[in-house]
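Asker: Heads up: the sequence shown at position 186 corresponds to 908 in the working numbering, and the numbers run straight through without jumps.
No wet-lab data here; the hints were simulated from the structure. Ideal Cβ placement from N, Cα and C applies to all residues, glycine included. There could be a bad hint or two in this list.
[What the hints assert, rightly or not] Distance ranges between label pairs, derived from CB positions:
#1 A918 <-> R881: 22 to 30 Å
#2 Q927 <-> G1130: 29 to 37 Å
#3 P825 <-> R1105: 42 to 50 Å
#4 F783 <-> K862: 23 to 31 Å
#5 P825 <-> T1143: 17 to 25 Å
#6 R1105 <-> S932: 41 to 49 Å
#7 N781 <-> S932: 17 to 25 Å
#8 N914 <-> D1025: 37 to 45 Å
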Amino acid sequence: MMLKSMNVHFQQLFLNKKRTLGQLILVGASISLIGCKTLNTNRLNKIIDQQISSQTTNNYFQGLLIYDPVKKDTLYSHNSQKYFTPASNTKIITLYTSLKTLPEKIPALKYIAKNDTLYMEGTGDPSLLHPYFGDSTAIKFAKNYKNVFLYLNNFEESRYGPGWAWEDYDLYFSPERNSIPLYGNVVTITNNDSLAVSPNHFKNQVVPISYGVNRELYSNTFYYDPHRNDTLESPFMIDSTLTKSLLEEVLLKKVNIVQEMPNEEKQVLYSVSSDSLFKRMMEVSDNFLAEQLLILSSSTLSDTLNSAKARKYIMDNYLQELEHPPRWVDGSGLSRYNLFTPGTMVYVLNKMYQEIPRERLFNFFPVGGLTGTLKGRFNGDDRPYIYAKTGSLGNNYCLSGYLITQSGKTLIFSFMNNHFTNSNSEVKQHMESIFEMIRDNY
723 MMLKSMNVHF QQLFLNKKRT LGQLILVGAS ISLIGCKTLN TNRLNKIIDQ QISSQTTNNY
783 FQGLLIYDPV KKDTLYSHNS QKYFTPASNT KIITLYTSLK TLPEKIPALK YIAKNDTLYM
843 EGTGDPSLLH PYFGDSTAIK FAKNYKNVFL YLNNFEESRY GPGWAWEDYD LYFSPERNSI
903 PLYGNVVTIT NNDSLAVSPN HFKNQVVPIS YGVNRELYSN TFYYDPHRND TLESPFMIDS
963 TLTKSLLEEV LLKKVNIVQE MPNEEKQVLY SVSSDSLFKR MMEVSDNFLA EQLLILSSST
1023 LSDTLNSAKA RKYIMDNYLQ ELEHPPRWVD GSGLSRYNLF TPGTMVYVLN KMYQEIPRER
1083 LFNFFPVGGL TGTLKGRFNG DDRPYIYAKT GSLGNNYCLS GYLITQSGKT LIFSFMNNHF
1143 TNSNSEVKQH MESIFEMIRD NY
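Just need the whole structure built from these sequences, with the hints factored in.
Answerer: Right, here's the structure in full:
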């Protein structure tokens, strides 16, 4: 009933309210009258209307929804049922999908063991030898067998998501997707007295010169300026031969590629805590983890790895009541084909708020002024008040999550900004002034 009531509120706000346009200069006078008292919804609406429709914001598209989950009521709505490019706000629904489909520990492999022989297939687990997680569960397990056979044909997905920018191919945030990722699917290069390359397999493929790109478009030839003093991460191109070679180098034994798995029941090997992947994905907005988490989710639904299966499963089983279903094409939000409404974001955030213990849920999100992509922005005066996911693409900035007011209330919000030519800093400052007013007066 609460969710239906929430949708009714969204409709009523769109059908019955016409927003007053005001100049930002009028807002100061309005806020000065507020003092430290809490305001009723109508008064707050008028003040937010004045702030959201100023001379500095009338040339781009904004959507804002603020919802009180205790009162089961909408505090404010502006374009909340319009579609926006969400950028990395897409990771919120990826998080929800992962929470609904994945167990406490990440499925690392599906396998069949016969005496001294191991047949294995990937699940999409991104933690194997990852620079941050460094997990080696699957490697240690496979070392126990004399003969190792690897099946790679369970991956029915393209290496890149639809609508990804092709020119990002050499940048750290755009690794390829696959069934058995290794080393985060990136080459890590540093220069401390001598060149250090991980995985070492690519050391002879690094050219120590300054060049316009980090990697050749169609080959694993990398370029690293020997005068730079920071670490370079660049995605490598993946094929079955490379996967086989990388595994052989770390297992110290031959790996055989097979065209099918034995017709027997498969077992599942588990690796790291699922929450550790969720937190990392959300806190630093890790695109690679987001994409692989959807693939992992599909591994729990069938033997075929395909992120579309996970997306369809969640939409059909948990989000079927959405009034405005999203156009949802990837896990990370790299694609500009994604289209979400602020209403959809708040709907999903509210479902998580109702279903997941607060401490665990808030731990996944960047904290305003303190951690991840919110470090240095949306600060609390004496305590954090924003727990939210950012979403940033060129000319777009979105923020969706939870706001804690001075009176101790928790509000759920989604604030989306698309197609601005202002600087990101200006847009964020504008958002911050609205958030602070709500924090201090509700």
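Asker: To test your reading of the hints: which numbers does this structure violate?
Answerer: 2, 3, 4, 5, 7
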